[in-house]
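Model the placement of chain B on the given structure of chain A, informed by the hints.
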Amino acid sequence: MRNKRLLLVISFFLFTIFYLLFTGDKAYAAACSSIPAGGDYTVSSSCNFSGTVDGVDNGNLTINNGTTLTINAGQTVVWNSGKSITVNGSIIINSTGQLKKTNLWMTDADSDNYPASTTQVAQDNAPANGRRRNLMSSVSSTDCNDSDSTLQPTRTYYTGATAPAQQPVPLMPKIPQAPVA
Amino acid sequence: MTVQGVKDFIIRNQTAFIIAGASAVIVVLVLGIALIAVKEKSIAWPRITVQNNTPAGSVPSSIPTPSPTPTPTPVPLAQGPQTYSISQKDATPVMYEVWFSTIDPKKGMQKVNLKVRDKAGNVTEAVTIIKTDNKAEEHPLSLSSGTNKDGAWMGEWSVNDSYNFNFMITFQAKDDKGNESSVDLTVR
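Keeping their order, the protein sequence lines are chains A and B.
Under my numbering, the first residue of the first sequence carries the number 1, and numbering increases by one thereafter.
Under my numbering, the first residue of the second sequence carries the number 182, and numbering increases by one thereafter.
Extracted from the complex, chain A is given alone in its bound form (with noise of 0.2 Å):
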């Protein structure tokens, strides 16, 4: 008997413990993730896109079945003409939202495909400085001298004349390269 009522607190417990463990999950989904600078775009999971402007550029927006995209208040969502949204499943735009046909901008004085900044401009023609946002190596990577094109996040610099014997010097926050010999 009390042998049986320790095998039932020990269920109990075992129980408890993988309920809270494997039943917890919370991870539904909330901004888009994994858009890239360009080309098509598949809504898989309900999402919204985080900013003020976003969107996809030189590709086609599709809203799986199942899911939806939502355009909060005050967001700009931008496609391209000559490209399509396929909506299979649902979307829902605020009444200061917008879906906006129409091409998408980033700043990039220097063009090493770097942005100056995160910020992205939705308009036909291009702003000051400006380039399409499907020409970026990154949205989220930006430059850190946008009037030198030789400075650019995923490099790594040398000073002195003969560079392959000095210590490398990083100027900015970048993927370390092997020094060319």
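Quick caveat, the hints were computed from the structure, so don't treat them as lab data.
Check each hint, because a few of them may be wrong.
Derived DSS-like pairs (lysine-lysine); straight-line CA-CA distance at most 30 Å [to be verified]:
1) Lys270/B x Lys188/B
2) Lys316/B x Lys292/B
3) Lys83/A x Lys330/B
4) Lys300/B x Lys270/B
5) Lys300/B x Lys330/B
6) Lys355/B x Lys300/B
7) Lys100/A x Lys270/B
8) Lys270/B x Lys288/B
9) Lys101/A x Lys355/B
10) Lys270/B x Lys101/A
11) Lys100/A x Lys83/A
12) Lys358/B x Lys287/B
13) Lys330/B x Lys287/B
14) Lys316/B x Lys100/A
15) Lys355/B x Lys292/B
These numbers were taken from a predicted model, which means no experiment stands behind them.
Same frame as chain A, now just chain B:
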């Protein structure tokens, strides 16, 4: 081995079974605590450290600046009543507009008015599921104006959880023909 044989085996080895069970519980507990600790760490909740450089006995002249800035910063929400248009493909019943008294209730009351149309039958049920940072709650809506063929369904509730990182509102409608439809509104 017969059933009786198995029973005898268990009775003979009761102590061993109990020890094994207790060990399993301890292992699961340790793993659970470790997993929860890893999860908590990966969430990276905003941390605010207030620097206190005030000399002893003096009076601060201004409020210290929090350092570092909390990250990630929660997405700002629009204030005041909000109306959303809904477009669904091949849905029955069709939910075509929703109004919120606020989408930033700050752990207060939130009122919703959902317009639902049904060409196949009569809408019998409409519910709202609020998913916030830590939980999901379902709230029934009741027909407040119009008809079951085309009417407005209203509900009011208190949001009693934080929604700094996740705030999704799901609407579901059913009719008397067995049709169901659902739509998710992602606020955050």
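(message) Tell me if the straight-line CA distance from Lys355/B to Lys300/B falls inside 30 Å.
(response) The given pair, whose Cα atoms are some 12 Å apart, holds under the 30 Å limit.
(message) Check whether the Cα positions of Lys300/B and Lys330/B lie no farther apart than 30 Å.
(response) 7 Å, holds
(message) Can you confirm whether the C-alpha distance between Lys83/A and Lys330/B stays at or below 30 Å?
(response) The given pair, whose Cα atoms are some 37 Å apart, is violated under the 30 Å limit.
(request) Sort out whether Lys355/B lies within 30 Å of Lys101/A, counting only the CA atoms. (result) 35 Å, violated
(message) Tell me if the straight-line CA distance from Lys316/B to Lys292/B falls inside 30 Å.
(response) 19 Å, holds
(message) Holds or violated: Lys270/B and Lys101/A, Cα atoms, limit 30 Å.
(response) Since the Cα atoms of Lys270/B and Lys101/A sit roughly 21 Å apart, the hinted pair holds (cutoff 30 Å).
(request) Given the hint that Lys270/B pairs with Lys188/B, test it: the Cα-Cα distance must not exceed 30 Å. (result) 60 Å, violated
(message) Need the status of pair Lys100/A, Lys83/A: alpha-carbon distance at most 30 Å?
(response) 12 Å, holds
(message) Between the alpha carbons of Lys270/B and Lys288/B, is the straight-line distance 30 Å or under?
(response) 34 Å, violated
(request) Take the C-alpha atoms of Lys316/B and Lys100/A, compute the straight-line distance between them, and say whether it is at most 30 Å. (result) Not OK: Lys316/B and Lys100/A at ~35 Å, beyond 30 Å, violated.
(message) Just to be careful, I want the Cα atoms of Lys100/A and Lys270/B compared with a cutoff of 30 Å; is the pair within it?
(response) 20 Å, holds
(message) Checking one constraint from the list: CA of Lys300/B to CA of Lys270/B, max 30 Å. Satisfied?
(response) OK: Lys300/B and Lys270/B at ~14 Å, within 30 Å.
In this structure, the hints that do not hold are numbers 1, 3, 8, 9, 12, 13, 14, in rising order.
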